[in-house]
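Asker: The lines below spell out each chain.
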Amino acid sequence: MKLGGGILIALGVIAAGVLVADLRVNPYLYFAGYVILQYVVIATAWNILGGYAGYVNFGTPAFFALGAYTAVFLIQWARAPLYVLIIAGGLVSALLGLGIGYLTLRLRGVFFSIATLALSIVLQTFVINWDYVGGSKGVTVIRPSAPLFGSHVKFLFAVMVCLAVLAVTAAWLIERSWVGRGLSALRDNEEAAECMGVPTLRLKLFATTISGFLLGVAGAPFPYYVTYVEPSSAFNLDYAINALAMPMIGGTTTWIGPVIGAVLLGTAQQVATVTISSELNLLIVGVVLVAFVVLAPEGLVGLARRLRGR
Amino acid sequence: MFSWDLLANAVVAGILVGGFYAAVSLGVSLTFGLLDVVNIAQPAFVIVGSYAAFVMNSTYGVDPILTGILMTPLFYLLGAIVYRVYYASFERRGEETNRGLVFFFGVLFIVEVSLSLKFGVDYRLVEAPYIGKSIDIAGVGIAFRLLVPCVVGLLMTLALYLFLSRTFFGRAIMAVSQDRLALRLMGANPVRVKTIAFGIGIAAASLAGALLVTIAPVVPSTDRDYIGRVFAITVLGGMGSIGGTLAAAMMLGVAESLMATFFGPSWSLAVSFGILLLALAVRPAGLFGR
Amino acid sequence: MASALLEVDGLVKRFGGFTALNRVSLSVKPGERFGLIGPNGSGKTTLINCVSGSLAADGGRIRFEGHDITTLAPHRRTRLGIVRSFQIPKPFTSMTVLENLDIPLEYATHGRAHAASADEEAKEILRAIGLEPKAHLRPAGLTQIEMRKLELARAMAARPKLLISDEAMAGLSSTEVDDILAILFRLNEQGITIIMIEHIMRAVMEFSQRIAVLVAGRKIADGDPKAVVRDPEVVRAYLGE
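As you go down the protein sequences, you meet chains B, R and L in turn.
Heads up: the first sequence is residues 1 to 310, going by the numbering used here.
Heads up: the second sequence is residues 1001 to 1290, going by the numbering used here.
Heads up: the third sequence is residues 2001 to 2241, going by the numbering used here.
Think of the hints as simulated: they come from the structure by calculation, not from any bench.
No residue lacks a Cβ here, since even glycine has one placed at the ideal position from N, Cα and C.
Please note: incorrect hints may appear among the correct ones.
[Unchecked claim] Now the in silico label distances, taken between C-beta atoms and shown as ranges: (1) ARG2218/L with GLU191/B: 50 to 60 angstroms; (2) VAL1191/R with ARG143/B: 57 to 67 angstroms; (3) TRP178/B with ALA2182/L: 25 to 35 angstroms; (4) PHE1163/R with LYS2029/L: 54 to 64 angstroms; (5) VAL274/B with GLY2016/L: 52 to 62 angstroms.
Based on the sequences and whatever the hints tell you, model everything.
Answerer: This is the structure we're talking about:
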């Protein structure tokens, strides 16, 4: 915990420094930093359901894109300010999580996972057919004039820093609360947990809702970040595989695993996009994921614990 | 914009496609429905079958379905290997559910992206003498490129049904699905039986993929269209009932066809997803559950 | 009948075409030591699963302390005081032995126990059952009998009024059986009603004030242990051979 807290503070200081310094920093770093922080939120959100509760969500693109398209809708309809977009995006995705959860969580976990697997395609179909948000052609979104930070990208970067802190704090609070312990119990053995008084359905629905909320929150600033939103980028496979790989690589039992995974894998991918094709990049992530799941399922955090002799 | 002609054509097309859907779902019915191995990578293997048929067809002019049949031993082997890795990494340690799921998702992903790297994102199709021809019965057009895969799909379903009910290993598979202890008493090794079953499931993918590319051109991401369909069919059909799989496949085919004819083709995926959710909510054991 | 703690009334459970429980009725009095025996596959564990709520019955009613609990969720039944242990132990593998007990202490007692004293109470239970030295180990590091004891300790932490022990002694040595038996006797002395499912007849006879026999989903005998054991139908279906 102390090490984790220290790392977090360090990252926070770095981020703050970058913001404040503002002098000769390559603007590209803000773009890259945004993506990495976005993955911190996504990985953390995924892990609340996947790592803490043990329910695997394959449909991360659906939740992320729903947040993004809720934002697009509100921008087109009402020119809503960013904080409204974020809250709305979070709430809509939370509702999606609750809905899918309510329909499938009374069954075995695999059915929830299968439903999320099919979810992204279906949602993408809906969006493609909805011209108000651009349909398959996509839509251009104009950034409002840049407040505070001089450039809108820096502003979005700062927003994402806050969202990352929010997500990680939420995970940390859940993990050390009685909710977190209940989730661990139901992950270890759901039937035993239920028979020991744990209200498993309620906890599962809570986890899906919070996870959905944070994923939607991660997607809400996306339209302003890319300025041109179209379904194939919002529903990108990237999100599906990374949301799994980052927590798996970092470690799924604690809040710091997804953060480590997101920073490591995210940075690696940002470096790699310059040198290799995006498809090769995805392939490598897939292979790394399978390697970890087969050989080191406890992730780097688990390996570190074993080395320390716990 | 309704006409009886349109309706009849839609229903017939749906039934034909349903026969094909059954072929695609057999593998999952076998591995997931009966043996509880959540092989979500099945559609990816089907697409590999499609590309294999494409390559043989475009390079040597081999009939796609012939390729599908010839490739079955290779795919069987592939299936056996994949299952052994799965078993050694997860099932033996008792952690099958989640890590196994992620494993198969990883496989699905790797296969799709590899195909993308190798073949690009252009649509690929095959040519055969019967594609493009059709016959007309009482005002209803029956395209051969739908009819032939449907017939092959029906034959595959029948073959699997006979295998499971008449042969030793087939009955062993049914026994494993119900009681591992009974299987040991029968003198068969459950791991070996599951390996065979998995191999058959992937081998079926080879042929199903060939059928797929006969019906319509493919791209690497086509596998995603079938995830919802395959599981909707498997759940609706009763999780392992072969007859149920066929019936559910036909129902889905008709439902999609009607949706496409009267509301537009892009909604057909929503149909399978809706049916999946409905089936899960109402009767997880399916219509013909055991 | 009004004084019964648990009343099972005409319980039916089917799996597809197979009827696992065929209108089973029984009642257990508060503070009673009740034994449930029968051949493998006769429906004993299915009955327990229905009583605890893990399975939904297809017919009949279940009443606890006079209230109908037939459709109540399992975790609510636990909070009412119905606690079962599992035939094949199901510990929470990522937690220590102590943390395993914290779960029912927090959730099953639901406010009856104060969070700060939970650890103390957990240690008490572990001490009583002989597992205190292992409090900080993971379940993976426990022996067979220690796992069984953990199952019972966890059930105890849920503060049961009715404890259902499902074959806790299977495969144990004679001294280990005595060990578990002593624990169960002690719990009963504290006022906990206990239903014991076992195949080890010596333990059942020693422990039970009343025995019911389940064969092929039907109850064929219910009453004084010595009488039940001499019942010709029971001998034919289960004891004899």
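Asker: State for each hint whether it applies.
Answerer: To see whether the hints hold, each was checked on the structure:
Between ARG2218/L and GLU191/B the beta carbons are some 26 angstroms apart, a value that contradicts the proposed interval 50 to 60 angstroms. The hinted range of 57 to 67 angstroms is satisfied by VAL1191/R and ARG143/B, whose Cβ atoms lie roughly 58 angstroms apart. With their beta carbons about 33 angstroms apart, TRP178/B and ALA2182/L fall inside the hinted range of 25 to 35 angstroms. With their beta carbons about 56 angstroms apart, PHE1163/R and LYS2029/L fall inside the hinted range of 54 to 64 angstroms.
For VAL274/B and GLY2016/L, the Cβ-Cβ distance of about 59 angstroms falls inside the hinted range of 52 to 62 angstroms, so the restraint holds.
Of the numbered hints stated above, the single one contradicted by the structure is hint 1.
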